[in-house]
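Number of protein chains: 2
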Amino acid sequence: MARKTIWQGGTQLAPVPAVLVGCGNGTDFKYNLITVAWAGIVCSNPPMISVSIRPERYSRGLIESTGEFTVNVPTVSMAEKVDYCGMVSGRNVDKFNAANLTAKPGSKVAAPIVDECPLALECRVVHSLKLGSHIMYVGEIVAVQADSELINAKGKFEIEKADILGYAHGSYYGMGEKAGDFGFSVKKKN
Amino acid sequence: MARKTIWQGGTQLAPVPAVLVGCGNGTDFKYNLITVAWAGIVCSNPPMISVSIRPERYSRGLIESTGEFTVNVPTVSMAEKVDYCGMVSGRNVDKFNAANLTAKPGSKVAAPIVDECPLALECRVVHSLKLGSHIMYVGEIVAVQADSELINAKGKFEIEKADILGYAHGSYYGMGEKAGDFGFSVKKKN
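If you're matching them up, the sequences are chains A and B in order.
Sequential numbering of the first sequence, starting at 0, is according to numbering that gives the first Met the number 0.
Sequential numbering of the second sequence, starting at 0, is according to numbering that gives the first Met the number 0.
The shape of chain A in the complex, shown without the other chains (with noise of 0.2 Å):
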């Protein structure tokens, strides 16, 4: 047995993903972009996501006026301005401006994705949950905006070159190796 070490509750989950989310419509509601480590799929069909976010940041309100944002996957590349953006507040920030991200209206939202990002997520607000620190928002993924020179012959996006950032304990990191495809434990004994 491994011996081990018994700590408070605490959201040691890794990895998580660390992403831009983009709110605000650019009409009466300005663009805006959050990072968030907290989100997850909640549900394969329909596709449905989760993002959480203190109440007392920003883009709540545009999150909440609007009911749509987007979820934009940055590269390692883009680490530092994915950090940036969960620094500084929409308040009193252009954030797309100082991070000089490129804004796009989503496709069926009016919520704006992050052209630099090689995959974005466009979303609808279908539940909220007030949990504590945080409210969790569900998002039913309405469309995907794919970088098209990503996408092989096959037609599928090919996430290895796509070098896409998470997050783990406090730090970002890259893909590593992959270990095997889904299935593979079950295939390989055929």
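Everything labelled a hint here was simulated from the structure, so no lab data went into it.
Do not rely on the hints blindly, as some may be mistaken.
[Claimed, not checked] Not the full set, but computed from the structure, chain A residues with beta-carbon under 10 Å of chain B:
| id | residue |
| --- | --- |
| 1 | Leu12 |
| 2 | Glu63 |
| 3 | Val124 |
| 4 | Ile134 |
| 5 | Gly165 |
| 6 | Glu176 |
| 7 | Gly179 |
[As the list claims (entries may be wrong)] No more than 35 Å apart at the CA atoms, straight line, and that leaves these computed lysine-lysine pairs for DSBU-like:
| id | chain 1 | residue 1 | chain 2 | residue 2 |
| --- | --- | --- | --- | --- |
| 8 | B | Lys177 | A | Lys155 |
| 9 | A | Lys155 | B | Lys129 |
| 10 | A | Lys129 | B | Lys29 |
Backbone N, C-alpha and C define an ideal beta-carbon position, used for all residues, glycine too.
Starting from the structure of chain A, add chain B where the hints point.
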């Protein structure tokens, strides 16, 4: 502007965790494991996690009957076992036995932790939400068990030494290079 391909909604968030969820209590409800990639942190204080499971899965009844589960973060070397525990049903297979994994009761919950995993989060269900193909369970993380040998002299868990497993777009991956620490974008400028 990057050329984008627009798809219908999908679950392309990445990276996401690839965890073994432990359930049952070893007495009236036998221990079971289920592999889950649809998991994420949803609140910092109190610490909470979401785990989504298809309602037809055997683990659903165990989690709903006991109100408890654990989230065990595996290593890259465990990838085949992790995959296997997502491929077979606890209705037919004792997965701890079949995958040669060691069940240990939690410190605060009766659900089993996986001794071979360097991190185990002990959870009590506080919300559940039927979403479509999946039910999302929100658990408060009431304790964490970490391999003592991975905790350094400062009391920090050395995640890079733990070689943990993640998941992205249908494959399992290790973690890559560190790209920065939380807050590095503003520290640099000071």
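Check each numbered hint against the structure and report the violated ones by number, ascending. Those not satisfied are hints 2, 3.
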